[in-house]
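In order, the protein sequence lines correspond to chains C and B.
For my numbering, add 2 to where a residue sits in the first sequence, where the first one is 1.
For my numbering, add 2 to where a residue sits in the second sequence, where the first one is 1.
By construction, these hints were calculated from the structure, which means they are not laboratory data.
Being a predicted model, the structure only gives us computed values, none of them experimental.
Do not rely on the hints blindly, as some may be mistaken.
If several chains are the same, the list does not tell them apart, and a pair holds so long as it fits within one copy or across any two.
Straight line, CA to CA, 25 Å or less: simulated DSS-like cross-link-like pairs of lysine-lysine [stated by the list, open to error]:
no.	residue 1	residue 2
1	K88	K50
2	K247	K328
3	K142	K123
4	K88	K288
5	K211	K269
6	K127	K88
7	K328	K318
8	K88	K33
9	K322	K288
10	K142	K92
11	K124	K142
12	K288	K195
13	K261	K211
14	K261	K288
15	K123	K91
16	K88	K211
17	K124	K318
18	K127	K261
19	K261	K193
20	K288	K329
21	K195	K211
Number of protein chains: 2
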Amino acid sequence: MLIVQKYGGTSVANIERIQNVARRAVETAGKGHSVLVVVSAMAGETDKLINLAHQINENPSTREMDLLLSSGERITCALTAMAVEKFGKKAIALTGRQLGIYTDSVHTRAHIEYITGERAKKALKDGYIVVVAGFQGITKETEEVTTLGRGGSDLSAVAIAYALRADLCEIYTDVDGVYTADPNIVKKARKIKKITYEEMLELASLGAKVLQTRSVEVAAKFNVPLMVKSSFNYNEGTLITTEDKDMEKVVVSAIAHDKNQSKITVKGALNRPGIAALIFKSIAAKNIIVDMIGQNIAKGDERADISFTIPRSETKETLKIIRDLKKEIGYTDIDVNENIGKVSIVGVGMRTHSGVAAKMFETLSEHGINIMMINTSEISVSCIIDLRHLEMAVRVLHDAFGLENELNAQLS
Amino acid sequence: MLIVQKYGGTSVANIERIQNVARRAVETAGKGHSVLVVVSAMAGETDKLINLAHQINENPSTREMDLLLSSGERITCALTAMAVEKFGKKAIALTGRQLGIYTDSVHTRAHIEYITGERAKKALKDGYIVVVAGFQGITKETEEVTTLGRGGSDLSAVAIAYALRADLCEIYTDVDGVYTADPNIVKKARKIKKITYEEMLELASLGAKVLQTRSVEVAAKFNVPLMVKSSFNYNEGTLITTEDKDMEKVVVSAIAHDKNQSKITVKGALNRPGIAALIFKSIAAKNIIVDMIGQNIAKGDERADISFTIPRSETKETLKIIRDLKKEIGYTDIDVNENIGKVSIVGVGMRTHSGVAAKMFETLSEHGINIMMINTSEISVSCIIDLRHLEMAVRVLHDAFGLENELNAQLS
Chain C
3 MLIVQKYGGT SVANIERIQN VARRAVETAG KGHSVLVVVS AMAGETDKLI
53 NLAHQINENP STREMDLLLS SGERITCALT AMAVEKFGKK AIALTGRQLG
103 IYTDSVHTRA HIEYITGERA KKALKDGYIV VVAGFQGITK ETEEVTTLGR
153 GGSDLSAVAI AYALRADLCE IYTDVDGVYT ADPNIVKKAR KIKKITYEEM
203 LELASLGAKV LQTRSVEVAA KFNVPLMVKS SFNYNEGTLI TTEDKDMEKV
253 VVSAIAHDKN QSKITVKGAL NRPGIAALIF KSIAAKNIIV DMIGQNIAKG
303 DERADISFTI PRSETKETLK IIRDLKKEIG YTDIDVNENI GKVSIVGVGM
353 RTHSGVAAKM FETLSEHGIN IMMINTSEIS VSCIIDLRHL EMAVRVLHDA
403 FGLENELNAQ LS
Chain B
3 MLIVQKYGGT SVANIERIQN VARRAVETAG KGHSVLVVVS AMAGETDKLI
53 NLAHQINENP STREMDLLLS SGERITCALT AMAVEKFGKK AIALTGRQLG
103 IYTDSVHTRA HIEYITGERA KKALKDGYIV VVAGFQGITK ETEEVTTLGR
153 GGSDLSAVAI AYALRADLCE IYTDVDGVYT ADPNIVKKAR KIKKITYEEM
203 LELASLGAKV LQTRSVEVAA KFNVPLMVKS SFNYNEGTLI TTEDKDMEKV
253 VVSAIAHDKN QSKITVKGAL NRPGIAALIF KSIAAKNIIV DMIGQNIAKG
303 DERADISFTI PRSETKETLK IIRDLKKEIG YTDIDVNENI GKVSIVGVGM
353 RTHSGVAAKM FETLSEHGIN IMMINTSEIS VSCIIDLRHL EMAVRVLHDA
403 FGLENELNAQ LS
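With the sequences and hints as input, model every part of the structure.
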């Protein structure tokens with residue numbers, strides 16, 4: 003098998019951990035596999051460099067920023083290769099350029115266009131462990147250094163795994179897999195053995211922080227099997243793959259939550275075509291991401307209440323945008339609630355089972371939890387509730403859907 | 003004029019100093035010059051990286067070492083370009099690869115083969131200040147990252163100045179020029195306005211640490227005018243150039259000294275052809291550099307004393323080599339003196355003046371300083387003396403040759 007292993011910043015944070023990464027790569031090779039390792043910068047290094055840059059120029063050129071930031075991964079990939087060699091196995095460190103990771107020229111958040119991977123292929127064939135600097139690539143025409151944005155090393159790993167037709171892409175992180183809920187909140191939370199790309203994406207977008215969303219999207223698109231594991235133990239991880247028969251039996255796979263939103267309600271806005279569009283276009287123009295939207299109007303109403311949620315850190319900025327539009331919106335009042343939380347249930351099984359949302363609402367209601375807003379997708383239901391009820395909501399839903407049991411009859 | 007400015011590690015050691023470098027580059031550009039800046043890694047960074055590598059692998063692959071070490075200069079060149087832009091001037095940061103610095107493939111001490119410089123030429127023409135990562139290049143065939151060895155950024159600057167036909171190459175360091183002697187020892191030491199490449203090379207090889215020897219050699223070979231200046235003040239520096247009329251009037255230009263040698267005497271070695279060769283070949287094989295050699299034998303003597311000096315840090319290692327050769331050398335005793343110093347006078351004027359060496363010996367003798375070994379070149383005379391007399395020797399020679407006066411009649 004050809005296995006791509008990606009190690010994040012905490013997994014290469016110091017000498018001992020880099021040695022640990024090298025040891026694991028050598029162990030994998032010892033089982034007869036070809037191994038390509040993708041490494042991030044040592045934890046804190048990228049932030050340190052960003053901080054240096056901003057002390058010098060609060061608005062630095064993105065081209066120079068990429069040149070700056072790409073050095074962190076170069077350092078870890080060189081050190082990791084040295085560590086592998088110390089364990090007696092041949093190793094070669096390759097930068098994004100040397101591996102042939104070609105991107106567009108959108109500096110600091112470039113997209114990978116294609117990967118040649120010639121040197122890696124040859125080195126793997128010759129029995130080397132290949133260590134690649136994650137997060138970086140180069141442009142085709144001018145060979146400018148680019149970076150792929152936060153969490154870009156996950157993306158490097160998935161794209162390389164696809165380009166080299168790897169059998170598995172292992173993402174090593176500081177948790178040992180994807181859980182049915184945050185184990186800090188739900189004691190009985192269980193590690194999921196297998197989950198679909200779709201569910202993982204939904205979980206990630208609903209607040210779970212295990213994997214970078216874009217990398218899961220790319221893995222799904224190209225059908226790259228992903229395994230999330232911890233670099234600090236040898237526990238079995240979570241496999242992220244396409245839907246299979248086992249999974250169909252499960253209706254709800256996991257509970258996600260998000261504590262970092264605010265809810266804003268624009269009261270008594272004029273009920274005219276274009277008013278909602280105006281609000282959300284103006285907010286989007288400031289790069290603020292609106293999550294849920296709710297509007298309650300009956301036909302013929304002159305005025306409407308429009309509610310939506312945004313990242314809490316953007317509350318002030320968003321309020322300013324709305325106030326600046328007072329004339330156009332013609333609202334009577336603005337209501338702000340910074341004490342909300344979002345709880346979500348996720349599972350591909352919902353497609354073929356009815357009554358899942360009802361069960362969720364019922365469960366919350368039984369525990370006296372009031373639902374302020376609801377949002378649904380094909381494989382998830384999310385509720386905005388009072389922040390002080392959030393952890394309880396996660397626990398009671400975990401119980402209600404029987405997530406502590408591997409194959410549960412969740413709707414019995 | 004096209005001016006290349008090279009700033010060493012202490013000149014870019016922190017944010018404030020990087021801003022200072024940017025300010026100076028912008029000031030130079032403000033006078034109507036084109037400016038290309040070459041930067042080293044922030045002081046201490048390269049040592050930090052080497053230390054990390056050696057903690058992981060005491061014998062790391064030199065290829066990976068170069069990938070590792072080249073990141074320090076990338077960081078400073080990106081930050082310096084950002085700082086220049088902050089001062090309102092367009093800037094572009096270029097790595098060794100992006101400037102087109104092609105080297106041989108001798109990792110960690112590569113030689114520059116040629117420089118294309120296309121991007122730099124275009125950017126300079128378009129009014130940019132170009133900031134280049136020193137110390138690094140790439141190989142032609144496989145585009146491997148290489149580094150040029152300690153002090154390699156000086157070499158980058160000189161080679162780039164030649165390749166782009168710059169009018170001047172300024173080397174900024176923490177001293178503001180080349181002095182007639184170390185100002186810490188001789189209060190009256192005077193900064194030299196102009197000195198020849200040859201004298202500078204001689205001074206560097208005799209212990210002065212202002213410039214890296216290879217970079218002066220290259221500057222001499224291609225006739226690149228070098229100016230040594232301080233980045234911490236606006237004092238006039240020292241121009242290093244070809245010999246001109248003014249210089250001929252001066253016999254001795256400067257006094258150099260070296261405190262870091264040991265003298266070893268192999269007593270009663272067999273006086274046979276090949277014995278000296280055996281000793282020095284064996285020492286060279288361990289990469290220990292022998293400086294002075296003295297041998298006193300009369301024709302027909304059966305035994306000879308062979309003295310030589312080596313870096314003090316290599317004393318133990320050298321003694322081991324000699325002892326291992328006891329049978330072949332057949333010596334009776336080894337004498338080690340770790341308390342020696344070397345004092346040297348340097349000046350191109352010596353070529354056309356006689357009596358200079360005699361005056362040096364006389365001066366030392368007048369002050370009760372015993373000379374243990376003597377070495378001469380066309381433009382220098384060096385004496386090994388007792389370490390405790392070294393500073394006094396520098397002072398009395400500085401006086402004797404009247405170096406505090408600009409145009410002195412030194413042999414009057």
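Hints, one by one, checked against the model:
1. K88 - K50: For K88 and K50, only the inter-copy Cα distance (20 Å) is at most 25 Å; the intra-copy one is 29 Å.
2. K247 - K328: Classified as neither: same-chain Cα gap 54 Å, cross-chain 81 Å, threshold 25 Å.
3. K142 - K123: both (20 Å within a copy, 21 Å between copies)
4. K88 - K288: Between copies, since 24 Å is at most 25 Å while 50 Å is not.
5. K211 - K269: neither (34 Å within a copy, 74 Å between copies)
6. K127 - K88: This pair counts as within: shortest intra-copy Cα distance 20 Å, inter-copy 48 Å.
7. K328 - K318: within (16 Å within a copy, 84 Å between copies)
8. K88 - K33: within (18 Å within a copy, 54 Å between copies)
9. K322 - K288: Classified as within: same-chain Cα gap 11 Å, cross-chain 72 Å, threshold 25 Å.
10. K142 - K92: between (30 Å within a copy, 24 Å between copies)
11. K124 - K142: Both ways: K124 and K142 sit 22 Å apart in one copy and 19 Å across, limit 25 Å.
12. K288 - K195: Neither, since 40 Å and 58 Å both go past 25 Å.
13. K261 - K211: Within one copy, since 12 Å is at most 25 Å while 59 Å is not.
14. K261 - K288: Answer is within: at 22 Å inside a copy they meet the 25 Å cutoff, but 64 Å across does not.
15. K123 - K91: For K123 and K91, the Cα distance is within 25 Å only inside one copy (17 Å; across copies 44 Å).
16. K88 - K211: neither (34 Å within a copy, 36 Å between copies)
17. K124 - K318: neither (54 Å within a copy, 46 Å between copies)
18. K127 - K261: Result: close neither inside a copy nor across copies, 48 Å intra and 53 Å inter.
19. K261 - K193: Answer is within: at 22 Å inside a copy they meet the 25 Å cutoff, but 66 Å across does not.
20. K288 - K329: Result: close within a single copy only, 19 Å intra versus 84 Å inter.
21. K195 - K211: Classified as within: same-chain Cα gap 17 Å, cross-chain 63 Å, threshold 25 Å.
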